[in-house]
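Enquirer: Listed here are the chains, written in short residue letters.
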Amino acid sequence: MNVFRLRTFMALLLLAQCAFVRADLTLTAYAAVNRPTHNEAFTATIQVGSLWYASVPFRSISSYVRADGGTPNSSAYVSWAIMVGYEEGNQGVASTGGATIEFDGEGKFQRTPDISGSADVSVGEKHSSASAEIWVPNTQNRAYDKATDVFFVLMPQQGGGGGGA
Amino acid sequence: MARKDPSAPLAMALAICTAITAAAALTATADRYDPVTDKELASDARLARPVSVECARIYLGDLAERMTAQTGEAISADETSGASDLRIMASVREVPAWRVMAGVTGLLSYRLALWQWERKGEPGAAEYRLVRTRGAQSWPHALRERAQSEFERLTSARMRDTFRTPEQWTERLADPTPVTIEERAGWGLQVFAATLPEDAQKAVLRGEAKARLTVSRLPPWGKRLVEDLYNRMRPWRTLPDGSTAPAPFPEDLVAYTSHGRDPTPTLFIEMGDMGGYGYVGGDPLAVAFRNHVAGAWLGDADVPEHTALETAKLAATAKHELAKHPPLDHPWVALAERTDVPLLALAPVGRASRSFASEGAGTLGGYLRALGRRDYAIHKWRHGLLLVTYAAWFRDEQELHPCSWPVVRRLREACRSNSGLPTLGALVRVAVDLTPEQLDVLSDDWAPAKSLIPIRSTLEALDRDPELHRQLRDSGKATIKGPAARRAAASIGSIAISAVERVSLAVRTVGADGDRQLAFDVLFYDKSGNRLGGNLPRFAIHRPWAPHPD
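Chains as they are written, first to last, in our numbering: chain A, 1 to 165; chain B, 1 to 550.
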């Protein structure tokens with residue numbers, strides 16, 4: 001019963017908040033990733049059965065979500081998600097959340113989490129990606145961005161030297 | 001007997017001098033480029049020939065070459081003034097060449113910062129070139145300086161205006177009314193001013209540093225701001241198990257300056273997982289600056305609005321398709337693809353915003369206004385061409401680090417001659433001729449350019465040693481030893497350069513014809529023959545990544 005009341009209250013609250021959303025609220029998302037890059041390949045370090053994996057670091061750079069309003073006292077309920085490294089089954093890292101925002105004369109709100117972490121990635125050509133998204137729930141007002149990079153996870157070499165001419 | 005005129009020799013000499021001067025003047029006119037007006041462009045019958053170019057981002061050097069090919073007129077973009085290096089969006093179909101030429105200068109010129117067409121030779125057999133004048137070359141720097149100084153001036157003024165004495169803070173804290181929206185910006189700015197020394201404030205305002213402030217160390221009125229915002233914003237976050245929970249009360253604040261897509265900076269203060277508001281700068285400064293830029297952009301030959309065309313409906317889906325590369329799938333391209341109106345634009349690099357696609361169902365004017373809100377875009381009309389730019393263009397990476405069109409042209413030609421893959425020689429030239437920042441700019445159009453940045457010093461080693469280059473090209477393998485190896489490893493960044501004794505290079509084309517790629521492996525070894533670093537740089541170009549939207 002309490003759960004039902006809470007959900008009803010949250011739904012009504014959300015509807016009430018959405019009623020104050022500015023029609024021309026501009027949302028911006030920007031994503032960037034710097035690890036791994038094209039040229040950072042990784043020597044596999046873990047063998048599971050016949051497959052090799054490497055622990056690969058991911059980090060976002062300068063990713064942000066942003067809401068630009070303008071009219072003082074306008075309000076919006078905004079959710080955001082910034083993720084790095086979610087690709088091809090990788091378990092990347094993310095920052096997701098939300099808040100009620102109220103614009104003043106400056107008309108700006110921004111969220112710029114610094115996300116980093118590692119994930120096990122199988123050997124081969126891989127993609128790293130960062131994506132950012134921001135939206136006003138129950139509306140079509142949303143913005144999305146994604147940056148993708150290519151890197152290689154290589155089999156470990158046998159022995160220390162060798163290779164090359 | 002006729003009397004000899006004593007002045008005859010002098011007259012003869014004067015006549016000869018005059019003739020020589022006239023001949024020299026004629027020669028000079030024929031050899032010298034002189035500025036031409038739009039009217040003079042229109043008066044050259046050969047420039048009445050129609051041209052068509054549909055490209056999301058085209059170098060002006062490339063545009064000029066295409067116009068030459070389509071008109072038979074010699075048209076170029078000057079390389080020494082950097083006119084050839086800028087990339088614009090062009091969507092013109094069967095438009096007289098002179099109108100496109102006038103549109104280009106209209107798009108890029110500002111009062112006292114002119115781009116101009118110059119002509120050499122007589123009409124009918126003339127050569128035209130596009131030049132970026134000195135005023136236009138220094139204009140982006142002047143705008144950057146002005147935007148920053150206006151921001152700092154505004155910040156100082158706001159700090160003075162919102163200052164409160166300890167007694168005033170005590171009085172305000174006694175009032176249980178939460179921080180109001182009207183109070184918020186000034187209140188936050190006072191937190192910034194009271195907790196950071198002046199030099200640290202300057203570093204933040206200039207974008208040189210972020211400042212981290214500990215909430216527990218803030219004065220009581222600073223903590224009150226954080227508490228009131230936390231209670232009003234009710235922030236939440238997702239936990240590792242996927243459930244959501246209220247975000248914890250912030251322990252730290254982070255103050256920083258950010259532009260986003262704005263022409264001017266905004267001071268943000270983020271609070272833990274809540275994100276943060278802009279406290280000074282913001283929309284008012286950005287709009288004022290956009291108006292300043294727009295005022296300087298409108299020339300005598302321009303019309304600010306075209307009612308008939310701007311009230312026309314845009315097509316719901318693309319009518320034309322512009323040649324483009326990722327990441328140019330963005331609203332500016334969508335605009336060009338949904339209208340028949342000829343347009344030239346200086347567009348920001350960026351990707352699609354899903355919410356923006358619905359704007360295409362409206363009118364051209366409505367779409368332009370939406371672009372204005374989103375990107376501080378401005379537009380005008382010249383000779384029937386729609387010209388669109390944006391107020392923050394002077395902060396674009398292509399303005400800060402323009403990528404040389406002659407270098408790009410050479411790279412494209414090398415790719416064309418090698419079934420789409422660059423040759424080793426072409427890679428060496430690009431890496432040597434462009435800075436890392438320019439390579440980054442080139443990667444907007446040609447993704448592999450970014451991969452060259454870490455191996456740039458290795459490619460420079462090949463440029464310094466033609467014999468090494470030849471060996472690698474012919475046999476696919478080469479080795480660099482000793483000090484030369486350490487120089488070749490300088491740009492890698494992820495290994496101890498001093499330990500490098502040998503660099504082993506291998507280059508080959510791998511894969512079947514339909515999926516060819518150029519693989520460039522670089523291995524580093526120490527004196528004992530141990531491979532250095534866990535990373536193995538590899539450069540690989542897939543065939544579809546050829547750098548030209550032909």
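Quick caveat, the hints were computed from the structure, so don't treat them as lab data. Hints are not guaranteed to be accurate.
Below 20 Å or equal to it, Euclidean Cα-Cα: the simulated SDA-like pairs (lysine to any residue) are [stated by the list, open to error]:
#, chain 1, residue 1, chain 2, residue 2
1, B, Lys202, B, Arg119
2, A, Lys146, B, Arg261
3, B, Lys210, A, His127
4, A, Lys146, B, Glu310
5, B, Lys223, B, Thr177
6, A, Lys146, B, Asp440
7, B, Lys450, A, Ala94
8, B, Lys450, A, Ile46
9, B, Lys450, A, Ser62
10, A, Lys146, B, Ala334
11, A, Lys146, B, Lys202
12, B, Lys210, A, Phe151
13, A, Lys146, B, Ala447
14, B, Lys450, A, Gly49
15, B, Lys210, A, Ile115
16, B, Lys210, A, Ser116
17, A, Lys146, B, Val349
18, B, Lys450, A, Gln140
19, A, Lys146, B, Glu150
20, A, Lys146, B, Thr177
21, A, Lys146, B, Lys210
22, B, Lys210, A, Arg59
23, B, Lys450, A, Ala32
24, B, Lys210, A, Ile61
25, B, Lys450, A, Phe151
Computed from the model, here is a short list of chain A residues facing chain B with C-beta under 10 Å [what the hints assert, rightly or not]:
#, residue
26, Thr26
27, Gln47
28, Gly49
29, Trp52
30, Tyr53
31, Glu87
32, Thr112
Facing chain A, from chain B, some residues (calculated, C-beta under 7 Å) [unchecked claim]:
#, residue
33, Gly282
34, Val349
35, Glu460
The beta-carbon is built from N, C-alpha and C at its ideal position, and this holds for glycine as well.
Enquirer: For a C-alpha distance cap of 20 Å, please report whether lysine 223/B and threonine 177/B respect it.
Expert: Judged against 20 Å, a Cα distance of about 15 Å means the pair holds.
Enquirer: Under the criterion that the straight-line Cα-Cα distance not exceed 20 Å, is the pair lysine 146/A, lysine 202/B satisfied?
Expert: Outside the cut-off at roughly 33 Å; violated.
Enquirer: Is the shortest C-beta separation between tryptophan 52/A and chain B less than 10 Å?
Expert: violated, 14 Å
Enquirer: With 10 Å as the cut and Cβ atoms as the points, is glycine 49/A at the interface with chain B?
Expert: violated, 23 Å
Enquirer: What's the verdict on lysine 146/A and glutamate 150/B, does the C-alpha distance respect the 20 Å limit or exceed it?
Expert: violated, 33 Å
Enquirer: Within a Cα-Cα threshold of 20 Å, do lysine 210/B and isoleucine 61/A meet the stated pairing?
Expert: holds, 14 Å
Enquirer: Within a Cα-Cα threshold of 20 Å, do lysine 210/B and histidine 127/A meet the stated pairing?
Expert: violated, 30 Å
Enquirer: Tell me if the interface restraint on threonine 26/A is satisfied: Cβ within less than 10 Å of some Cβ in chain B.
Expert: Hint on threonine 26/A: holds, closest Cβ of chain B at ~5 Å, below 10 Å.
Enquirer: Using 7 Å as the Cβ threshold, decide whether glycine 282/B counts as touching chain A.
Expert: At about 3 Å, which falls below the 7 Å cut-off, the nearest Cβ of chain A leaves the hint on glycine 282/B intact, so it holds.
Enquirer: Holds or violated: lysine 450/B and alanine 94/A, Cα atoms, limit 20 Å.
Expert: violated, 25 Å
Enquirer: Is lysine 210/B within 20 Å of isoleucine 115/A, Cα to Cα?
Expert: holds, 16 Å
Enquirer: Are the Cα atoms of lysine 450/B and glutamine 140/A separated by 20 Å or less?
Expert: violated, 35 Å
The structure is inconsistent with the numbered hints 1, 3, 4, 7, 8, 11, 12, 14, 18, 19, 20, 21, 27, 28, 29, 30, 31, 34 and 35, although it conforms to all the rest.
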